Amino acid sequence: MLITRLKSAETLESLLKGQIFIINCHGCREVSFPTAEAEALEKALAEQGRVAGVITTDYICNPENLSVRLEKHADAIEAADTVLVLSCGVGVQTVSAMFPGKRVCAGCDTYPLPGFQGVTPLEVDCRQCGECYLNITGGICPITACSKSLVNGQCGGAKDGRCEVDHNMECGWERIYRRLAQVGRLDVLKCPVQIRNYATDKNVGE
Amino acid sequence: MKITESFARGEFVVSAEVGPSKGVETASLVAEAKEYLSNITAVNVTDCQSSVMRLGSLATCIKLREAGLNPIYQLTCRDRNRIALQSDILSAAAFGIENILCLTGDHPTLGDHPQAKPVFDLDSVSLLYTVKKLEEGEDLGGNKLVGPAPSFAKGAVVSPCSDSVDAQLAKMERKVRAGAQFFQTQAVFEPEKFIAFMEKAGQFGVPVQLGVIIPKNAGMCRYMNNNVAGVHVPDDMLAELAADKERAKAGITGVEIAARVIKACRPYCQGVHIMALGWEAKVPEVLKLAGI
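One line per chain: the protein sequences are A and B, in this order. Per my numbering, the very first residue in the first sequence carries number 7; after that it's consecutive. Per my numbering, the very first residue in the second sequence carries number 146; after that it's consecutive.
By construction, these hints were calculated from the structure, which means they are not laboratory data. Note that the structure is a prediction, hence the values are computed from the model and not measured. A virtual CB, placed ideally from N, CA and C, is assigned to each residue, including glycine. Heads up, a few of these hints could be off.
To be verified - Stretch-level coverage of chain A by chain B, calculated; a stretch enters the list once three of its residues show a Cβ under 8 Å from a Cβ in chain B:
1. 144 to 155
2. 160 to 166
3. 176 to 186
4. 192 to 198
Claimed, not checked - Each computed EDC-like pair below joins lysine to aspartate or glutamate, with the alpha-carbon atoms no more than 20 Å apart:
5. A:K49 x A:E16
6. B:K262 x A:D172
7. A:K196 x B:E385
8. A:K196 x B:E318
9. B:K345 x A:D172
10. B:K408 x B:E430
11. B:K338 x A:D166
12. A:K208 x B:D266
13. B:K408 x B:E385
14. B:K277 x B:D266
15. B:K338 x B:D381
16. A:K23 x A:D172
17. B:K147 x B:D233
18. B:K262 x A:D207
19. A:K108 x A:D193
Bound conformation, chain A alone (with noise of 0.2 Å):
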């Protein structure tokens, strides 16, 4: 189980560009969705004129579930600037992989709880870290797809593009750099030092 908080307005303010569309997730609210923040953002943004669509669905970790019911929804995915995903980090991923060329943001930070967690048949992974950095590596986490879970690029372990720790697994941050090369974001590599924060992460020294 897991708890997901919206991050802060003024960094969802620096990632909405243009008319967007709003993926809602309440696979695992049983815990903790923000959904009076989440209705506020909405309403937020509608009276600037800014929602493209929303679907409010429930575990989008299922990417064949997700699919069909993005369906009749895909006019407006295709005709927004942003797709903003207010779900844990593997929802996240999954709509970043379903859309490779699109603005994909990640609106939640995801705690974790003991217990259930979704659905998720994928090898999409999310620590639950509580630091989401998925709005800055084109939508797949580095601290899963990255052996030594850098937030600064890749190391130089990489060989064939596998990784230095297990050669059946392609390096995550030449997929990152694949993917951000691809939505023409390479800009993001530019951000400043990230350092990663413990406190956040109730997984380390608790």
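With chain A held as given, fit chain B onto it using these hints.
Chain B alone, transformed into the frame defined by chain A:
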């Protein structure tokens, strides 16, 4: 002496690397360094290279400095969190170490303690940033340092022959922005790839030392081709090493290859960094043959 002073004077800067032993004995390493590496600008000391536990980099740097050499303190993020790293950086400054090379480090599973916890609290980029912050008199927690701040020539590494060279260049740019003042590269055996890399890396305006390994034999090169990221020894060099085994064993072929790579790349870079891997005694020959 800071290695950056040599770059500023326009020198072609030569450094070489030594690896501490698995034990407390330093006399032979220091003696060899004095004999073969006294005439070059600086000597790198590796930090438990390849995740193999050895005597510390800082202790060995101090010993080299006492012997009149100019050490470059290699520091990785593999084994220490930000508290220990900052503390070690201050310790290095307290012992008069003036050059630091910031690396992420290999994963522990590659070394002789695969059960160890991988730390990576910081990485090469945030470590450079941390050194710079300490130089400004403040630690990562935002607390003021007492007394004079440390000051280093801050180095980093880059892999010019990597098959993901664009991602490497992006990381290099992040390192420059975080404070890197010079670069040493992964070993180069393909000058054309290095030259193409330098054409792109030149935009950062930071000096780059060509990384060179003296190849010992064809088997070693095949091993690197299969296992070492960013290193590729071309077939003709493999054939050259395999053609006369005695000549290769005596180091003659390897010295020739290393000197040839340096000569081909010299117009495109600001120095050379030799990783002799136990063949420190051959460094003077390589430099002589390369015309340095």
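Structure-based check of each hint:
Here the segment 144 to 155 of chain A counts 3 residues with a CB under 8 Å from a CB of chain B, which clears the bar of 3, and the coverage holds. By the rule of at least three residues with a Cβ nearer than 8 Å to a Cβ of chain B, the coverage given for the segment 160 to 166 of chain A holds, with 7 such residues. With a cut-off of 8 Å between beta carbons, the segment 176 to 186 of chain A has 4 residues touching chain B; three or more are needed, and the interface restraint holds. Using a Cβ-Cβ cut-off of 8 Å, 3 residues of the segment 192 to 198 of chain A lie near chain B, which meets the minimum of three, so the contact claim holds.
Straight-line distance between C-alpha atoms of K49 of chain A and E16 of chain A comes to about 16 Å, which keeps the hinted pair within the 20 Å bound. About 16 Å separates the Cα atoms of K262 of chain B and D172 of chain A, which keeps this hinted pair within 20 Å; it holds. This hinted pair does not check out: K196 of chain A and E385 of chain B have alpha carbons roughly 43 Å apart, beyond 20 Å. The hinted pair formed by K196 of chain A and E318 of chain B meets the criterion: a straight-line CA distance of about 8 Å does not exceed 20 Å.
For the proposed pair K345 of chain B and D172 of chain A, the alpha carbon gap of about 30 Å is over 20 Å, so the pair is violated. In summary, the hint linking K408 of chain B to E430 of chain B is supported, as the alpha carbons are separated by about 14 Å, within the 20 Å threshold. Proximity of K338 of chain B to D166 of chain A is assessed by CA-CA distance (about 16 Å); at most 20 Å being required, the pair is judged to hold. For the proposed pair K208 of chain A and D266 of chain B, the alpha carbon gap of about 15 Å is at most 20 Å, so the pair holds.
Distance check on the hinted pair: K408 of chain B and E385 of chain B sit about 18 Å apart at the alpha-carbon level, within 20 Å; holds. With a CA separation close to 17 Å, the supplied pair K277 of chain B and D266 of chain B stays within the 20 Å bound. Between K338 of chain B and D381 of chain B the alpha-carbon distance is near 16 Å, which keeps this suggested pair within the 20 Å criterion. At most 20 Å may separate the alpha-carbon atoms for a hinted pair to count; K23 of chain A and D172 of chain A exceed this at roughly 37 Å.
Simply put, K147 of chain B and D233 of chain B have alpha-carbon atoms about 18 Å apart, close enough for the 20 Å limit, and the pair holds. A C-alpha spacing of about 17 Å is found between K262 of chain B and D207 of chain A, which places the hinted pair at or below 20 Å, so the restraint holds. For the suggested pair K108 of chain A and D193 of chain A, the alpha carbons sit about 15 Å apart, so the restraint of at most 20 Å is met.
Comparing the model with each numbered hint stated earlier shows that hints 7, 9, 16 do not hold.
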